[in-house]
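Visitor: What follows is the residue order along each chain.
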Amino acid sequence: MTNKIKPVSFVPRFFGAFGQFFKYMGSGDYAARCQTVGQGEQFAFEVEPKVITEEVEVIREIEVAAPALDSVNTDGAHQLLQLLQQEARFIDFIQESIDDYSDADVGAASRQIHAGCAKVLKQHFTIDVVSMDVVNTAVENSRVEVPSGYDAKQIKLEGRLEGDGPYTGTLIHPGWKVTETRLPKITNTDSLNILAPAEIEV
Amino acid sequence: MSQYFIGIDLGTTHSAVYYSPSNPAGVETNQVGRIQQLAIPQFIAAGQVDARPLLPSFVYFPHKTEFLESDLLLPWGKATSIVGQLARELGAKSSGRLVQSAKSWLCHSRVGADEAVLPVDALEEVEKVSPAQVTETLLAHLVSAWTSQFPHAPIAEQTVVITVPASFDPAARAITEQAAEKVGLRARLIEEPLAAFYAWLSDQQNWADSLVVNDHILVVDVGGGTTDLSLIQVVEQEGALGLERVAVGRHILLGGDNMDLTLTYHVAAQLAQNGTHLEPWQISGLTQACREAKERLLSNADLEDVSVVVPSRGRSLFNNSIKATLTQNDVQQLLIDGFFPQVQLGEQAQKAARSGFSAINLDYEGDPAITRHISEFIAQHDVKPSKVLLNGGVFNASVIRSTLETRLAAMLSESLSGRELTMLTPSHLDHAVAKGATYYAQVQAQGGVKVKSGLAANYYIGVASPMPAIPGMAPPVDAICVAPFGLEEGSEEQMLPNEFSLVVGESVTFRFFQSKISEAHAVGKVIGAFSLAQLEELNPLSVRLDAGHYSSGEMVRVYLTSRVTELGLLLLQAHDTQSDLSWTIEFQVRES
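Each protein sequence line maps, in turn, to chains A and B. Mapping the first sequence onto UniProt numbering, position 178 (from 1) lands on 178, and the numbers just tick up by one. Mapping the second sequence onto UniProt numbering, position 470 (from 1) lands on 470, and the numbers just tick up by one.
Incorrect hints may have been included.
Chain B is faced by these chain A residues, among others (derived, beta-carbon under 7 Å) [what the hints assert, rightly or not]:
#, residue
1, D92
2, F93
3, E96
4, D105
5, A109
6, S110
7, K185
8, I186
9, N188
Quick list of in silico lysine-lysine cross-link-like pairs, DSS-like style, CA-CA up to 27 Å [what the hints assert, rightly or not]:
#, chain 1, residue 1, chain 2, residue 2
10, A, K185, B, K78
11, B, K450, B, K387
12, B, K323, A, K119
Pair by pair, the computed Cβ-Cβ distance ranges are [what the hints assert, rightly or not]:
#, chain 1, residue 1, chain 2, residue 2, range
13, A, L121, B, N396, 15 to 23 Å
14, A, A198, B, E127, 24 to 32 Å
15, B, G96, A, T189, 51 to 59 Å
16, B, S312, A, L121, 19 to 27 Å
17, A, A118, B, E405, 29 to 37 Å
No wet-lab data here; the hints were simulated from the structure. Backbone N, C-alpha and C fix where the C-beta goes; we use that ideal spot for every residue, glycine too.
Given the sequences, and given the hints that come with them, work out the whole structure.
Guide: This is the structure we're talking about:
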């Protein structure tokens with residue numbers, strides 16, 4: 001606090017009192033102020049500052065982005081299509097309409113395509129059933145018990161689903177999962193979208 | 001000490017590498033001695049590299065525009081030629097750029113292994129290479145595959161065994177060894193049927209329980225392109241059982257691929273009757289389809305027939321596709337009766353009459369009957385095998401296995417006199433050779449039962465015999481035995497009793513022969529010029545004597561010695577009788 005009230009000693013007080021007498025007499029306003037002080041009122045700078053704490057609720061608006069869905073790497077998808085075309089002529093088969101061909105024709109062709117696709121799967125992936133890990137069996141139509149805190153990614157419950165579990169049910173499909181992927185290494189990813197080059201015999 | 005034992009099966013159509021850790025320190029204990037397969041990175045399409053268990057033994061020389069530079073990058077650097085799966089696929093579509101079956105060329109009787117003859121149908125701009133170079137290329141690929149996976153175990157420091165056909169002559173073995181040396185390998189060679197037998201040994205808890213003294217084991221190894229025969233005898237060795245490889249068959253260019261081709265041409269003939277003529281590209285598609293059909297028919301005898309489809313090359317799988325049917329009956333007749341007919345013991349394989357001139361190519365077998373080749377082999381060596389070990393993918397079909405068993409039992413019924421012919425249970429039919437080679441490397445280093453196997457024949461050099469000059473007749477050549485059958489590594493150097501005079505500073509060529517029988521001759525035994533027909537002539541030998549302290553053109557008296565190096569190679573040397581000079585006699589040198 002910069003201006004503090006200091007006691008005034010006797011001599012300046014004695015002579016000051018005369019001055020004050022006239023000042024008091026001459027100004028009603030001054031006299032009123034003196035009276036206020038005389039009644040014990042304090043000056044603003046003498047008063048201890050009072051800390052006012054008050055909680056103010058601040059509402060700020062934050063913009064939340066809509067959940068962005070991640071797109072998977074297209075290179076891997078292209079590479080798999082390449083492999084399927086290469087070994088099994090998969091794209092040729094699917095792109096062609098089979099409506100005009102007999103079942104025997106389609107059957108004969110599908111044997112080769114099956115063999116080729118099987119080769120690709122076997123060479124590049126290790127595929128296993130899911131149910132062996134989660135419910136300990138892979139026998140379809142067997143009764144299985146699913147614990148309450150099951151992993152929804154690995155198990156899909158369907159039918160009359162209610163309550164907290166554990167749930168009992170029939171294993172409809174044991175599920176598939178990839179345990180190992182061994183895709184060919186590539187030197188560059190530039191033209192993976194070319195699934196099969198145009199072939200020209202010269 | 002090496003950290004790994006490595007077995008390389010350098011096959012005619014496929015190569016494989018097996019290995020087992022040798023050093024207990026740093027390797028988990030249960031890993032020691034376990035034999036594993038090396039995955040071999042190779043191109044499967046432009047710019048795509050995949051590690052596969054087998055490396056097809058094919059080399060393709062691409063056209064300069066065929067691939068971008070970035071398409072030909074392997075994990076260990078840029079490739080100039082394509083090796084493996086992609087090479088095989090490209091070769092089926094483009095001609096004049098593919099080398100295949102290079103191994104069979106190594107023991108070609110009229111073409112040197114270092115003559116640039118491959119590809120046989122090379123286009124003008126494709127530079128031809130020699131069979132030896134191709135072998136080196138294939139080995140280099142396998143070595144790089146090893147190095148990229150085991151950078152801390154340089155292959156030069158490992159114990160490596162490479163398999164070769166039992167029928168390889170000393171020159172072909174030496175070339176394989178040299179090719180290995182060039183890529184930094186110091187490899188020991190082992191014969192393939194023997195390797196298959198080692199694979200069997202490695203599977204046995206106690207091999208001696210299954211064999212008795214004087215048993216002869218016939219090993220029949222039918223690969224993709226070749227059939228290799230060997231006989232192993234059980235002998236008594238200081239009270240214990242020992243094993244000895246007593247005979248090997250000749251180089252028979254006949255294998256599983258012939259069976260697929262037989263079916264292909266059968267189906268092609270059927271199609272031709274109906275007016276469909278196949279184009280060359282359809283043949284390879286048809287072969288593939290026939291192979292699959294064969295496997296289905298052989299594995300299921302109840303199946304009546306299987307349709308064979310060759311789709312068109314265009315987009316449509318149905319338009320212009322070629323369809324035919326292969327029946328169970330066809331397969332049985334063509335394969336079983338064609339390749340495994342019932343034959344009498346001693347029946348000789350038929351030699352097909354050759355046309356006067358034929359383009360330079362491999363000498364494919366005239367007689368497809370494997371049983372007849374076996375009977376010829378057994379009769380030639382006059383032994384009566386009582387046990388049989390089969391090897392090769394062909395025998396995955398149980399029908400073929402049991403047929404061969406029946407045929408052999410009938411062929412040998414007399415000598416078996418009521419006893420059963422025992423079929424030894426083979427190790428993995430496709431991988432036994434590489435696995436056995438790895439086990440052999442292990443046995444070499446750490447001990448174990450070994451099959452005694454030395455040289456597979458007697459070897460002779462041709463020496464002009466002195467005779468009065470007769471106009472129009474070259475002096476007859478006698479053959480003198482330089483290395484006896486069964487000569488083993490580490491055994492004493494054999495010295496020829498005769499001395500020869502050679503001119504210093506010039507290349508001298510000897511004719512070189514091998515015996516067809518497996519009875520050891522004494523070194524120095526002379527086979528007269530008139531009985532040379534009982535020997536088989538190999539590519540000639542040559543020696544060039546560096547003058548040393550002699551003046552050029554001087555005659556030097558030398559004696560010849562032979563021994564088997566620690567890597568299993570025959571080494572012939574000429575030594576000066578007057579000083580310490582000696583010269584190595586080389587196999588196969590071309591004057592060109």
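Visitor: Given the hint that K185 (chain A) pairs with K78 (chain B), test it: the Cα-Cα distance must not exceed 27 Å.
Guide: holds (15 Å)
Visitor: Taking the beta carbons of A198 (chain A) and E127 (chain B), is their distance inside 24 to 32 Å?
Guide: holds (29 Å)
Visitor: Next item in the hint list is N188 (chain A). Is there a CB on chain B closer than 7 Å to its CB?
Guide: holds (5 Å)
Visitor: How about A109 (chain A): closest beta carbon in chain B under 7 Å, or not?
Guide: Where the cut-off is 7 Å and the nearest Cβ of chain B is about 5 Å from A109 (chain A), the hint holds.
Visitor: Classify the hint on F93 (chain A) as holds or violated, based on whether any CB of chain B lies nearer than 7 Å to its CB.
Guide: At about 6 Å, which falls below the 7 Å cut-off, the nearest Cβ of chain B leaves the hint on F93 (chain A) intact, so it holds.
Visitor: Can you tell me whether the CB distance of A118 (chain A) to E405 (chain B) sits inside 29 to 37 Å?
Guide: holds (32 Å)
Visitor: Given the range 15 to 23 Å, decide if the beta-carbon distance of L121 (chain A) to N396 (chain B) lies inside it.
Guide: holds (22 Å)
Visitor: Holds or violated: the hint that E96 (chain A) contacts chain B, with Cβ atoms closer than 7 Å.
Guide: Cβ of E96 (chain A) sits 6 Å from chain B, so the hint holds.
Visitor: With the threshold set at 27 Å, check whether the alpha-carbon distance from K323 (chain B) to K119 (chain A) stays at or below it.
Guide: holds (23 Å)
Visitor: Would you check the hint for K450 (chain B) and K387 (chain B), treating anything up to 27 Å between C-alpha atoms as holding?
Guide: holds (18 Å)
Visitor: Kindly confirm whether 19 to 27 Å is satisfied by the beta carbon distance between S312 (chain B) and L121 (chain A).
Guide: Holds, at about 25 Å.
Visitor: Falls inside 51 to 59 Å, the C-beta gap from G96 (chain B) to T189 (chain A)?
Guide: violated (32 Å)
Violated hints for the displayed structure, listed by number in ascending order: 6 and 15.
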